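There are 2 protein chains.
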Amino acid sequence: MNRLDTSSPDFRADFARLLADRDSDTARVDGPVTEILAAVRRDGDAALCEFTRRFDRMDVTPARLRISDAEIDAACAEVPLKLHAALDVAATRIESFHRAQLPADLRYVDAQGVTLGMRWTPLDAVGLYVPGGTAAYPSSVLMNALPARVAGVARLAMCVPTPDGVLNPLVLAAARRAGVSEIYRVGGAQAVGALAYGTATIPAVDRVVGPGNAYVAEAKRQVFGRVGIDSIAGPSEIVIVAADANDPRALALDLLAQAEHDPMAQAVLITPDAALAQAVQDAVEAELRTLPRAEIARASWDAHGAIITVRDLDEAVALVNEIAPEHLELVMDDPKPVFDKVRHAGAIFLGRYCPEAIGDYVGGPNHVLPTSSTARFASGLSVFDFLKRTTFIDAKADSLREIGPAAVALAQAEGLDAHALSVSVRLEDLARGSGKA
Amino acid sequence: MNRLDTSSPDFRADFARLLADRDSDTARVDGPVTEILAAVRRDGDAALCEFTRRFDRMDVTPARLRISDAEIDAACAEVPLKLHAALDVAATRIESFHRAQLPADLRYVDAQGVTLGMRWTPLDAVGLYVPGGTAAYPSSVLMNALPARVAGVARLAMCVPTPDGVLNPLVLAAARRAGVSEIYRVGGAQAVGALAYGTATIPAVDRVVGPGNAYVAEAKRQVFGRVGIDSIAGPSEIVIVAADANDPRALALDLLAQAEHDPMAQAVLITPDAALAQAVQDAVEAELRTLPRAEIARASWDAHGAIITVRDLDEAVALVNEIAPEHLELVMDDPKPVFDKVRHAGAIFLGRYCPEAIGDYVGGPNHVLPTSSTARFASGLSVFDFLKRTTFIDAKADSLREIGPAAVALAQAEGLDAHALSVSVRLEDLARGSGKA
Chain A
1 MNRLDTSSPD FRADFARLLA DRDSDTARVD GPVTEILAAV RRDGDAALCE FTRRFDRMDV
61 TPARLRISDA EIDAACAEVP LKLHAALDVA ATRIESFHRA QLPADLRYVD AQGVTLGMRW
121 TPLDAVGLYV PGGTAAYPSS VLMNALPARV AGVARLAMCV PTPDGVLNPL VLAAARRAGV
181 SEIYRVGGAQ AVGALAYGTA TIPAVDRVVG PGNAYVAEAK RQVFGRVGID SIAGPSEIVI
241 VAADANDPRA LALDLLAQAE HDPMAQAVLI TPDAALAQAV QDAVEAELRT LPRAEIARAS
301 WDAHGAIITV RDLDEAVALV NEIAPEHLEL VMDDPKPVFD KVRHAGAIFL GRYCPEAIGD
361 YVGGPNHVLP TSSTARFASG LSVFDFLKRT TFIDAKADSL REIGPAAVAL AQAEGLDAHA
421 LSVSVRLEDL ARGSGKA
Chain B
1 MNRLDTSSPD FRADFARLLA DRDSDTARVD GPVTEILAAV RRDGDAALCE FTRRFDRMDV
61 TPARLRISDA EIDAACAEVP LKLHAALDVA ATRIESFHRA QLPADLRYVD AQGVTLGMRW
121 TPLDAVGLYV PGGTAAYPSS VLMNALPARV AGVARLAMCV PTPDGVLNPL VLAAARRAGV
181 SEIYRVGGAQ AVGALAYGTA TIPAVDRVVG PGNAYVAEAK RQVFGRVGID SIAGPSEIVI
241 VAADANDPRA LALDLLAQAE HDPMAQAVLI TPDAALAQAV QDAVEAELRT LPRAEIARAS
301 WDAHGAIITV RDLDEAVALV NEIAPEHLEL VMDDPKPVFD KVRHAGAIFL GRYCPEAIGD
361 YVGGPNHVLP TSSTARFASG LSVFDFLKRT TFIDAKADSL REIGPAAVAL AQAEGLDAHA
421 LSVSVRLEDL ARGSGKA
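Chains as they are written, first to last, in the numbering used here: chain A, 1 to 437; chain B, 1 to 437.
Wrong hints could be hidden among the right ones.
Which residues of chain A face chain B? A few of them, derived with a C-beta cut under 7 Å, are [said to hold, decoys possible]:
#1 Arg53
#2 Val89
#3 Lys396
#4 Ala397
#5 Ile403
Listed next, the stretches of chain A that the computed footprint assigns to chain B, with coverage defined by at least 3 CB atoms under 8 Å from CB atoms of chain B [as the list claims (entries may be wrong)]:
#6 116-124
#7 347-354
#8 379-385
Straight-line Cα separation of at most 20 Å, EDC-like style, residue types lysine to aspartate or glutamate; simulated pairs [claimed, not checked]:
#9 A:Lys396 / B:Asp333
#10 B:Lys396 / A:Asp124
#11 A:Lys396 / A:Glu414
#12 B:Lys336 / B:Asp273
#13 B:Lys341 / B:Glu402
#14 A:Lys341 / A:Asp302
#15 A:Lys396 / B:Asp334
#16 A:Lys336 / A:Asp244
#17 B:Lys336 / A:Asp105
#18 A:Lys341 / A:Glu402
#19 B:Lys396 / B:Asp429
#20 A:Lys336 / B:Asp110
#21 A:Lys341 / A:Asp314
#22 A:Lys341 / B:Asp333
#23 B:Lys341 / A:Asp124
#24 A:Lys396 / B:Asp244
#25 B:Lys396 / A:Asp333
#26 B:Lys336 / B:Asp244
#27 A:Lys336 / A:Asp273
#28 B:Lys341 / A:Asp105
#29 B:Lys336 / A:Asp110
#30 A:Lys341 / B:Asp105
#31 B:Lys82 / A:Glu414
#32 B:Lys341 / B:Asp312
#33 B:Lys396 / A:Asp334
#34 B:Lys82 / A:Glu402
#35 A:Lys336 / A:Glu315
#36 B:Lys341 / B:Asp302
#37 A:Lys82 / B:Glu414
#38 A:Lys82 / B:Glu402
#39 A:Lys336 / B:Asp105
#40 A:Lys341 / A:Asp312
Think of the hints as simulated: they come from the structure by calculation, not from any bench. Source: prediction; values computed, not measured. C-beta atoms are modelled at their ideal positions from N, C-alpha and C, and glycine is treated no differently.
Just need the whole structure built from these sequences, with the hints factored in.
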């Protein structure tokens with residue numbers, strides 16, 4: 001863990017090292033992924049079955065690629081009622097927040113009599129990738145699928161690897177609650193290829209979302225353009241700005257909740273209170289003695305964790321804006337003045353009773369958020385990812401008379417004569433009083 | 001040019017060929033671009049000067065990379081007043097439409113007492129790439145720069161190659177009108193590298209937008225993640241749906257206005273009126289005899305152009321939704337019934353007095369639009385490209401009591417104990433009546 005202090009002469013160098021630690025450049029696996037995508041495009045279902053045999057150690061025929069309703073029924077029956085209820089609390093809140101996000105269409109007539117506007121429409125079909133094994137989180141299924149549903153996407157196809165044929169009941173229950181329309185037991189780059197290019201069994205979609213390993217990320221990079229993709233997520237991060245009286249154990253657990261995700265995760269505490277800094281550092285050590293995922297959390301905390309003491313909260317805000325964190329907690333009596341000054345953060349959690357884990361499950365806003373400082377320019381997943389805009393203009397004769405000549409002048413200056421003529425021929429038709437143009 | 005008829009038995013095969021023609025897979029230039037980006041990252045300004053010497057045949061020092069205010073003044077003085085006025089008509093209308101696009105923040109308190117919301121903030125800095133030579137369009141400078149300015153982006157850096165040292169006065173005048181804060185005489189992949197990684201002279205930006213050749217497109221692909229990028233544009237396209245009495249020459253010019261962009265451009269007329277179809281075909285041939293860019297337009301029209309006769313307008317709409325065109329004109333007495341059924345299009349132009357060229361220059365909506373069928377999932381450039389969302393939650397003690405247990409249950413089911421503990425420790429503190437947590 002790194003201890004930094006803004007009043008130390010080494011601070012800028014230490015902080016620069018901490019930021020560089022988040023550099024998002026990752027190893028690429030271009031070659032193998034290019035081959036897998038080409039095979040899926042060429043051989044369709046046969047390639048999917050072959051890769052599934054090779055990577056997930058299971059024999060599967062095209063007819064068995066899709067997980068049947070009976071299998072989903074059976075899996076859902078295994079999930080305890082208490083967890084169905086928890087999924088429902090989460091899903092209801094996520095739906096409600098994303099419904100509030102839905103944008104309105106725009107339409108107005110301007111001073112030149114031109115009707116202008118912008119219409120939002122949902123995508124027809126979306127593919128949702130869900131990782132297999134330990135990285136398969138039902139909460140992630142809800143967070144990826146529900147915004148698409150709320151946006152009005154009709155077809156929602158999910159691909160999830162089932163190594164050795166083992167299904168994850170809670171993932172299937174979450175998919176059913178979220179309204180996923182079809183689920184396939186296919187993973188890796190081959191799943192992304194199937195969703196992008198389509199096979200006899202898996203029709204192509206318009207956008208592929210969801211987390212995955214390096215192969216899945218590279219496959220999304222390569223199919224980008226043919227279909228839309230979401231951003232390539234890096235390791236998870238949190239910055240906690242704490243002031244005033246706080247339970248050090250609660251703050252320590254918030255830091256460890258990030259650290260336990262991944263040895264590459266980063267958890268940072270920023271506080272003007274040196275005594276609190278030390279108390280949280282001690283509480284982290286205490287929790288690491290009993291935490292089930294202590295090995296992962298310890299690796300993350302030792303290598304990437306940081307506690308930064310600052311002179312005041314203004315200094316804290318300046319650091320937050322440089323970090324542009326995925327998650328930001330403001331744990332203090334009155335978080336509003338700090339909140340108002342934050343320019344870059346994926347999601348913000350305000351006050352003492354709002355740990356980031358609430359946002360991971362039941363808060364309502366999406367937990368798929370920009371990592372590695374990309375909150376400078378990127379946003380969390382939302383209904384906007386499943387909608388697109390069509391702009392429109394409706395100009396009548398009088399409007400064309402008013403704004404047409406400027407278009408002709410610019411088109412001629414750019415050397416695009418057909419552009420200019422397409423406007424001027426109409427102006428001429430109008431001048432002649434022709435009823436046709 | 002391809003003549004298709006929906007009542008022909010070959011229609012589906014012919015139409016499938018027409019769609020496949022738009023396949024967006026392009027040749028990649030990964031290797032050279034990777035080297036250029038690495039050199040810029042390593043050597044900064046020195047690499048920019050070296051590549052500019054090599055590719056643009058001009059000696060330049062770091063101090064001369066930025067185009068000075070005096071040079072911009074001199075260039076603007078060369079632009080005729082009439083063109084300054086036309087640029088201003090365009091800029092004013094573009095600003096006005098994009099201001100209307102600006103979204104509102106969201107903030108509400110739900111039934112569980114949780115305050116939820118979403119705040120939009122502008123990016124700090126944006127890089128605008130402008131191609132050199134004949135592809136340098138002042139209208140494109142307005143369309144890329146003004147939405148960023150309207151969104152509130154403070155710093156707008158433009159890179160434009162100036163082969164052999166030749167500046168384009170109208171491009172510089174457009175940049176000044178659009179509020180570009182700094183302009184550099186650097187082009188190609190090296191410009192994208194400078195904008196993404198920063199050099200001593202060109203500070204890094206958060207997002208790079210603007211059209212470019214294959215090297216620029218590949219460079220954007222490779223820096224994606226470190227900075228945001230816009231979509232990689234393919235050749236321009238238009239679909240015109242025409243019915244009722246129309247001037248065939250006006251429609252022919254609308255088709256040729258796309259065709260004259262690029263031999264790969266595609267212009268398609270869809271009409272239920274066989275006589276109109278023939279008249280437009282003849283009019284295209286007539287215009288091609290005199291059009292200055294006839295060679296380019298002829299190549300596009302012959303290879304990729306199409307006239308499709310349909311039984312009725314419902315058939316036309318179905319084809320439009322399959323094509324998902326960049327531009328769509330609905331040239332008929334009452335376009336509304338067709339307009340209402342279109343699900344996928346970048347921009348729509350309604351009525352007889354609204355040729356697509358109006359939208360290229362002075363309409364107001366953006367002319368940077370999704371090509372190659374990507375209107376299925378993508379949208380035109382807008383203020384949304386220069387804003388990002390931060391979601392927030394503020395839960396008080398009572399809210400945590402209500403929604404916290406579901407989060408604990410899901411975190412435990414996912415095996416993330418620190419997540420569960422970060423919630424339950426606060427619930428315990430509350431149960432004990434502790435004043436601290």
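Restraint status (C-alpha distance of Lys336 of chain A to Asp273 of chain A at most 20 Å):
Holds. Lys336 of chain A to Asp273 of chain A sits at ~19 Å (cutoff 20 Å).
Checking C-beta pairs, does the segment 116-124 of chain A have three or more residues closer than 8 Å to chain B?
holds (count 5)
When you check the alpha-carbon spacing of Lys82 of chain B and Glu402 of chain A, does it fall within 20 Å?
15 Å, holds
Lys341 of chain B and Asp105 of chain A were given as a pair; does the straight-line alpha-carbon distance stay at or below 20 Å?
15 Å, holds
Within a Cα-Cα threshold of 20 Å, do Lys82 of chain A and Glu402 of chain B meet the stated pairing?
15 Å, holds
Please verify whether Lys336 of chain A and Asp105 of chain B have alpha carbons no more than 20 Å apart.
Holds - the C-alpha atoms of Asp105 of chain B and Lys336 of chain A are around 16 Å apart, at most 20 Å.
Restraint satisfaction for Ala397 of chain A [CB to CB of chain B, less than 7 Å]
Ala397 of chain A check passes; min Cβ-Cβ to chain B is 5 Å, inside 7 Å.
Hey, Lys341 of chain A versus Asp302 of chain A, does the alpha-carbon distance stay inside 20 Å?
30 Å, violated
Distance restraint between Lys396 of chain A and Asp334 of chain B, which requires alpha-carbon spacing of 20 Å or less:
12 Å, holds
Pair hint Lys341 of chain A and Asp312 of chain A, alpha-carbon separation not exceeding 20 Å:
Between Lys341 of chain A and Asp312 of chain A the Cα gap is close to 14 Å, so the pair holds against 20 Å.
Can you take a look at whether the segment 379-385 of chain A is actually covered by chain B? Rule is 3+ residues, C-beta closer than 8 Å.
holds (count 4)
Given pair status - Glu315 of chain A, Lys336 of chain A, alpha carbons within 20 Å
With a Cα-Cα distance of about 16 Å, the restraint between Lys336 of chain A and Glu315 of chain A holds, given a limit of 20 Å.
When each numbered hint is compared with the structure, violations occur for hints 1, 10, 11, 13, 14, 18, 22, 36.
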